[in-house]
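Participant: In the order they appear, the protein sequences are chains A, B and C.
Be aware that the first sequence starts at 5, since it is given in this note's numbering, and climbs by one per residue.
Be aware that the second sequence starts at 31, since it is given in this note's numbering, and climbs by one per residue.
Be aware that the third sequence starts at -3, since it is given in this note's numbering, and climbs by one per residue.
It is possible that some hints are incorrect.
[Claimed, not checked] With a Cα cut of at most 27 Å, we get these calculated DSSO-like pairs of lysine-lysine: (1) A/Lys380 / C/Lys43; (2) A/Lys356 / C/Lys171; (3) C/Lys241 / A/Lys380; (4) A/Lys356 / A/Lys380; (5) C/Lys190 / B/Lys127; (6) B/Lys275 / B/Lys79; (7) A/Lys278 / A/Lys263; (8) C/Lys161 / A/Lys394; (9) A/Lys278 / A/Lys356; (10) A/Lys278 / B/Lys186; (11) A/Lys357 / C/Lys147; (12) C/Lys161 / A/Lys357; (13) A/Lys360 / C/Lys190; (14) A/Lys380 / A/Lys284; (15) B/Lys186 / C/Lys190; (16) A/Lys360 / A/Lys380.
[Said to hold, decoys possible] For each label pair, taking beta carbons as the anchor points, the in silico distance ranges come out as: (17) B/Pro46 / A/Leu22: 37 to 45 Å; (18) B/Gly346 / A/Ala30: 23 to 31 Å; (19) A/Gln399 / C/Pro6: 37 to 45 Å; (20) A/Asn59 / B/Ser109: 33 to 41 Å.
[Stated by the list, open to error] Selected chain C positions facing chain A (in silico; Cβ < 10 Å): (21) Val33; (22) Leu35; (23) Lys54; (24) Thr55; (25) Thr57; (26) Lys241; (27) Ile242.
Rather than coming from a laboratory, the hints here were simulated on the basis of the structure.
Backbone N, C-alpha and C fix where the C-beta goes; we use that ideal spot for every residue, glycine too.
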Amino acid sequence: MASTAPSLTLPPSQFARLQPHAYLLAHLSPPASSNQPSIRANGRAPAQFRVTSANTGSLTHTNGSAVVRVGDTTAVCGVRAEILPTDDIASWSVSHTSSRTTNKRQKLANSDSEEQQEEEDPNDKSHIQDLNLLVPNLSLSTGCAPGFIPGAPPSALAQSLSHQILNLLHSTRLVRAEDLRVWYQPPSLGGESLERHNAEEQMDVDDEGTGKEDDGEKAEVKAFWVLYIDVMIVSLAGNPFDAAWAAVLAALRDTKLPKASWDVDNEIVVCSDKVSEARKLALRGLPVASSFGVFEADAAAGWRAVIVPDAEEERLIEEGARKGIQRRWVLADPDGYEEGLSQERACVVVDKKQGKTVIVKMEKNGGWALDGQALKEVVEISARRWEEVKSILEQC
Amino acid sequence: MTDRRRINGPPSGTRPAVFAPSLKSASSISTGRPRRQRQPNELRKIFLKTGLIPSASGSAYLEFEPSASLAASRSSPQSLIPPSSALKLACTVHGPKPLPRSASFSPNLVLTTHIKYAPFAARQRKGHIRDASERDLGVHLETALRGVIVAERWPKSGLDITITILEAEDDRWWGDAPDSHDAPWGMMNVLAGCITAASAAIADARIDCLDLVAGGVAAIVSDEPAEGESSSPKLMLDTDPAEHKSILSACVVAYMPSRDEITEIWLKGDHSKASLGTDDKTLGHEALIDGAVNAARGAHTVLTEAVKESAERFAGLMLGGNTA
Amino acid sequence: MVGPTASLTPLARADGSASYHCPSTGSNILGSVNAPVELPGRRDALKPEDATVEVFVKTGTAPASVGERYVEGIIRGVVGRLILGRERGYARRGVVITLAIVGGESVGRADSHLTLLPALLHTALLALLSASVPLSMTFSATVLSVDASGKITREPSAEVAAAAKSIHVLAFTSKGHLLLNESEGAFDFDTWEKVRQRASAICHGTSTVGADGDIAMVEDADGQPLEGTIRETVEDQVHRDYAWKIDAA
């Protein structure tokens, strides 16, 4: 039957679909004779991220917004601020009456001296976390990729990404609780115009529980801003977390809160609509996320070799084979195709303070290729990425 | 009522920010209403681009040019209250793909349309779950597209069209109190945009269609009379609801120019003689539909360009694939 | 240091189950495994030659939230890599792991689940062993917190964790590979290296620590390595189960 022998050559796109693992492996480990460099199927070097661009402030009905594109993955983030009056908080009057004086002192201290800005705010964490002042949600039901049914409740992936964003917002303490407080200073009733210093002393007396007459003079928190941070992944081509986090970060940097004050007569919070009076959020640091995938040359064969070598043995094998054939590649910013081929993932979030790299989150899961040395390299790549993302965010 | 699959805000709920100017009486701020700078038959520019979402079989992104007032407030921001807003939406098409096993046999392509506002799309925060108006829009869009697609070419297959609205049109100017004339006028602009974008995305997915269907909006509006003008109602194309004091009636059509066919028509409001107060033929419902069709013709030219671009990209891809 | 206690197969109707109690973090977990099972109605989604691993985490007192989906993802990543899903009878079937947090400090909406994670992982492992699911290796996991002064605390209580500068969860395979790392909070790489060494010593005892004698001494005080605890739990159970056979011999 030698009529029409099927052609043995396949176009690359077909080969990529039929034998994805072999296709990527062939790109990463070209035959020594071909003199080609080891490169990913998408043309990137292993530690190279996709082209990233960011654009902020283009959505009209948001307090801050950003569109971040990392290659073909696009995340749109909009921040909407709404008011939470303390009267609506069930536990507020019980749990916070005593802390008001501290709040005021905190405020005075902050307004007095700039260097105390960095001072730890004892209520910072508890206010943001306990009152749910930051509400991030990520949606994948936008038709961003086949397989996410629009209209269905958030998939497990979307839920866990939302959780990761929330967790990172809390653990990095990115947003200051002070920025979210709406204060009310009742007009002083007594004729004696007390100096602030004196007022504070007076309050110390109050703290000892002698009297409550001065209650009207204390500044009190009348409301909080609640930031609804919604991320729509408009297009998904791998690595949604990096793009989503960059979008959240860029949108928060863009966020302006109007000047809000307590209207005693109407008992509501009234905001000034003047742009000049609105203020930006003072964020703590600039944590940047970088994700990685580990591609293993023998992943398909791995399940047959039930006996996995010891970590020590493996290290020796690896060192011996260092000059020879590489067996594992750590791929930065994996696209959808590479994500499907790598079981082991890592995500590192770094920030830089005074030139020093601070890791704020480091995860690895799904395999045992990444350990001490490899993780160290991953952190170094992430630190380089931080510079890159910083300049992108500062330009927009 | 907490949603366990999402992160919830404070249990007591939150209130949208109240801005000081909106507390004043309506008359004192009516001067702030943005004015339409375009001619009655002049359309806003449409930005339409296909193929931005590679994982979908077809996709389109559509954006309306901000109206003059919004553009002004963007370039030199004074107030935090946006004067109006401009439609921005992304549309993806997935398919044709086999129907799930559980579905019954269908000799035609089964069309599913899904329109969702982003929570930050409108002046009022939208919920995460589709509300009645979003479902309504989906049904209208499905009707508009069903008449265009050659459905019998794909038996036992499904086509999912998903639209995410990133920024919607306003229903009225923010300074106006809701009144009896009030209707979700902004929704009609949104639908017109959805039809045009979906049409581009379907063409980008290379689904056979009878023609490129485009959406257009026209409305009969009555404004406060400017100096030396009569205050009689006027027919306007592509109205931005924030620019008009009251919209008497509006119409959105999905129109195929080459066949001169309308696949979807949605008329809203009161356009009877009594309410218009004139016997003017140019303000009847036929004139309104004609106006909407004209607006759709305008959108069609943009659509053609976008689809041409998509076809060129596809041709380039094929060529590149063969030579590689 | 009071070590964790565990028992195998407390539930009669599941294929395998385990209960696990860690006194220092106060966590108390009950887990069950059903494998291999037919997963109905999702034949399209199943991998053709591999088992599908599903993990469900149920909270005790706190309302369910998105955090559990995240933890489920982590546990699936860890055990999914160890389960030999291509063994006979497992292809196109499912391994369903259900973990219920029955006691201890409840985790709030925003809290990280990191302090609970080692207990959840150990329960999942023991339940898998109890259900005789083929595994390529076993593993052991621990959580460490680092406070502002750099002091490393093993398995911190909720208060210590709340005050900590960073929290780290590490899991090591029985062959000494780093299988999982989840670190949160500000730290630098040197700190992490120390944490890794300490964690490795907790899981495997001093032999793998190597040169640093100091840390080895501390770990001896920490008591038995976790690896050994898990091994003994399983050995005890096997002894009980095969008592008739051993006695007869």
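Participant: Confirm or reject each hint.
Facilitator: Do the hints match the structure? See the list:
Using a Cα cut-off of 27 Å, the hinted pair A/Lys380 and C/Lys43 is violated, with the two alpha carbons roughly 34 Å apart. Between A/Lys356 and C/Lys171 the alpha-carbon distance is near 35 Å, which puts this suggested pair outside the 27 Å criterion. Among the hinted pairs, C/Lys241 with A/Lys380 is inconsistent with the structure: their alpha-carbon atoms are about 51 Å apart, more than 27 Å. For a cut-off of 27 Å, the pair hint linking A/Lys356 to A/Lys380 stands: about 16 Å separates their Cα positions.
Under the criterion of a C-alpha separation no larger than 27 Å, the hint pairing C/Lys190 with B/Lys127 is inconsistent with the structure, at around 53 Å. Proximity of B/Lys275 to B/Lys79 is assessed by CA-CA distance (about 33 Å); at most 27 Å being required, the pair is judged violated. A threshold of 27 Å between alpha carbons decides the hint, and for A/Lys278 with A/Lys263 the separation of about 8 Å falls inside it, so the pair holds. Between C/Lys161 and A/Lys394 the CA atoms are separated by roughly 25 Å; this keeps the pair inside 27 Å, and the hint holds.
Distance hint between A/Lys278 and A/Lys356 is unfulfilled; the C-alpha atoms sit about 34 Å from each other, more than 27 Å. With a C-alpha separation of about 57 Å, the suggested pairing of A/Lys278 with B/Lys186 is violated against the 27 Å cut-off. A threshold of 27 Å between alpha carbons decides the hint, and for A/Lys357 with C/Lys147 the separation of about 22 Å falls inside it, so the pair holds. Distance check on the hinted pair: C/Lys161 and A/Lys357 sit about 16 Å apart at the alpha-carbon level, within 27 Å; holds.
A hinted pair counts as satisfied when its Cα atoms are at most 27 Å apart, and A/Lys360 with C/Lys190 qualifies at roughly 19 Å. The hinted pair formed by A/Lys380 and A/Lys284 fails the criterion: a straight-line CA distance of about 35 Å is larger than 27 Å. At most 27 Å may separate the alpha-carbon atoms for a hinted pair to count; B/Lys186 and C/Lys190 exceed this at roughly 60 Å. Proposed proximity of A/Lys360 and A/Lys380 is supported: the alpha carbons are some 15 Å apart, at most 27 Å.
Take B/Pro46 and A/Leu22: their Cβ atoms lie about 54 Å apart, and the range 37 to 45 Å is violated. With their beta carbons about 25 Å apart, B/Gly346 and A/Ala30 fall inside the hinted range of 23 to 31 Å. Checking the proposed 37 to 45 Å range against A/Gln399 and C/Pro6 shows it is violated: the Cβ atoms sit about 59 Å from each other. The supplied range of 33 to 41 Å is broken by A/Asn59 and B/Ser109, whose beta-carbon atoms lie about 23 Å from each other.
Nearest Cβ of chain A to the Cβ of C/Val33: about 19 Å, over the 10 Å cut. The hint is violated. Because the smallest distance between the Cβ of C/Leu35 and any Cβ of chain A comes to about 15 Å, over 10 Å, the interface hint for this residue is violated. Interface hint status for C/Lys54: violated, as the beta-carbon distance to the closest one in chain A is roughly 15 Å, over 10 Å. A least Cβ separation of about 13 Å between C/Thr55 and chain A goes past the 10 Å threshold, and the interface hint is therefore violated.
For C/Thr57, the interface hint is violated, since its Cβ never comes within 10 Å of a Cβ in chain A; the closest pair sits about 17 Å apart. Here the hint on C/Lys241 is broken, as its CB sits about 26 Å from the closest CB of chain A, past 10 Å. For C/Ile242, the interface hint is violated, the least distance from its beta-carbon to any beta-carbon of chain A being 28 Å, above 10 Å.
Of the numbered hints given earlier, the model fails hints 1, 2, 3, 5, 6, 9, 10, 14, 15, 17, 19, 20, 21, 22, 23, 24, 25, 26, 27; all others are met.
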